[in-house]
Amino acid sequence: MIINHPLLGPRDAAEFVVLGDACLIDRPDGMNAASEEMHDYAYVRDNPAGEHRELWYHEQGDRSWLVVTRSTLTHDVIKVELARDVARARGRSR
Amino acid sequence: MRYSALRILKEGLTGNRGWEPVWREPEPRPEYDIVIIGGGGHGLSTAYYLAKEFGERNVAVLEKGWLGSGNVGRNTTIIRSNYLLEGNQPFYEFSLKLWEGLEQDFNYNAMVSQRGILNLCHSDPQRDAFVRRANAMRLSGADAMVLGPDEIRKMCPYLDHENARFPITGALWQPRGGTVRHDAVAWGYARGADKRGVDIIQNCEVTGFDIKNGRCLGVETAKGPIKARKVAMCAAGSSSRVAAFASMRLPIESHVLQAFVSEGLKPVLPGVITFGAGHFYVSQSDKGGLVFGGDIDGYNSYAQRGNLPVVEDVCEGGMAIMPMIGRARLLRMWGGVMDMSMDGSPFIDKTHVEGLYLNAGWCYGGFKATPASGYCYAHLLATDQPHETARFFRLDRFRQGAMIDEKGVGAQPNLH
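In order, the protein sequence lines correspond to chains A and B. Just so we're aligned: 171 in my numbering is position 88 of the first sequence, and the numbers increase by one with no gaps anywhere. Just so we're aligned: 143 in my numbering is position 141 of the second sequence, and the numbers increase by one with no gaps anywhere.
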């Protein structure tokens, strides 16, 4: 798979490590969240067959976090964004 | 029809005209006591033990494709019971005991071969961990030995014993581990279940559940609705997709694991060997091919194929521990889709819907677990009580803080 890095252009997927579903961006506030909410955040996943948004870390490159939208059925990479931009758009960043 | 040497002789002398199909191909009836979703190893063994041990004969197994098209025909065929934790080891030892009597039990040649499994270690701390694991194994009634470098050199002279970075300092040796012909496991269980009245229905994809007032009344399928007193999910790899029909979200990600086989060689490997510093395991099939594998690809996938970086990584692992493997040519490679769970351990449990049961999350360990998984799931379905050896495989264990994290890496499925 080739990941079309927004800053560096096309990079081999082997340069990255995968963390998992991009819903991990939306971490509940650990001081306030109900335990059920933290449980679902930490342990439960949609795990869809088809389009999946996921967090990839460019460990062997510029160490940026990316949100990669990918098909889990065909391995086609559909869209690549900087996780920073995604998080800001969701009001997650100061 | 019972298979025996006498039968082969008799058929050989009479032109092989007496053989019958190994199972029927029935159309689904409108109603069953128990419907099992998934005709893989675990679904078929569940049906077999339901009929044989628990007297449940009004059972159907629904399979989306053909029998053995999933992971039961895609694994590296290894059986073992060399786990550490209390939640796992008694279960896998139960499974190994069932493997030992399996062929006599279901009267089918599954080529169970207890040729031993050798887990190599490459440092003193790793050896200490193996000593601890060996003790845990023996406490569960399994066999285990810790070997020193000299014994390993005698057993496997072709390994890279003196590697500067990863010298072989010892090994965990389980003589009762080994390999099994995986397709024959599916066929043997299917034949045994069919003979006892279980309907095995292929090309019958489940498309939904009939759930009313928190109770599961049956399934929707490609061949129409089927009513059932109990519905048993057993769709490894696709567990999340099936559970989604009941609006359930599981602590599972689906990942692809690749396996490889070399061209056929004369016998070179006595048993199963695993590399302790990388991730690489290898055995030799009876046809002579070296069957080996390593890490999962690492990203969510429902495609039954992987990518090239992992091929390179696995082959590097092989070259590191067993340089002679570089002389063999790779013949085939394939991928299977697995439920990677949040702690690397499986689930055999009821769900929040009455009459709906779940068997999922087998990660790497599914094939060796086939007999015990089926037996314990059948126990749960028939009695509504978990089998003693599977009582830790609960779906709510993350809520209770009762994870069974053999590797100790936390809620990160692609690291288990």
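FYI, nobody ran anything at the bench for these hints, they're computed from the structure. From a predicted model like this one, the values you see are computed outputs, not experimental measurements. Honestly, I wouldn't trust all of these hints.
Claimed, not checked - Each pair of labels, with its calculated beta carbon distance range:
no.	chain 1	residue 1	chain 2	residue 2	range
1	A	90	B	29	56 to 66 Å
2	A	93	B	160	49 to 59 Å
3	B	167	A	117	32 to 42 Å
4	B	209	A	124	54 to 64 Å
5	A	168	B	141	46 to 56 Å
6	A	144	B	212	45 to 55 Å
A virtual CB, placed ideally from N, CA and C, is assigned to each residue, including glycine.
Quick rundown of the hints versus the structure:
no. : hint                         : in the structure
1   : A:90 with B:29: 56 to 66 Å   : 58 Å, holds
2   : A:93 with B:160: 49 to 59 Å  : 41 Å, violated
3   : B:167 with A:117: 32 to 42 Å : 48 Å, violated
4   : B:209 with A:124: 54 to 64 Å : 30 Å, violated
5   : A:168 with B:141: 46 to 56 Å : 53 Å, holds
6   : A:144 with B:212: 45 to 55 Å : 50 Å, holds
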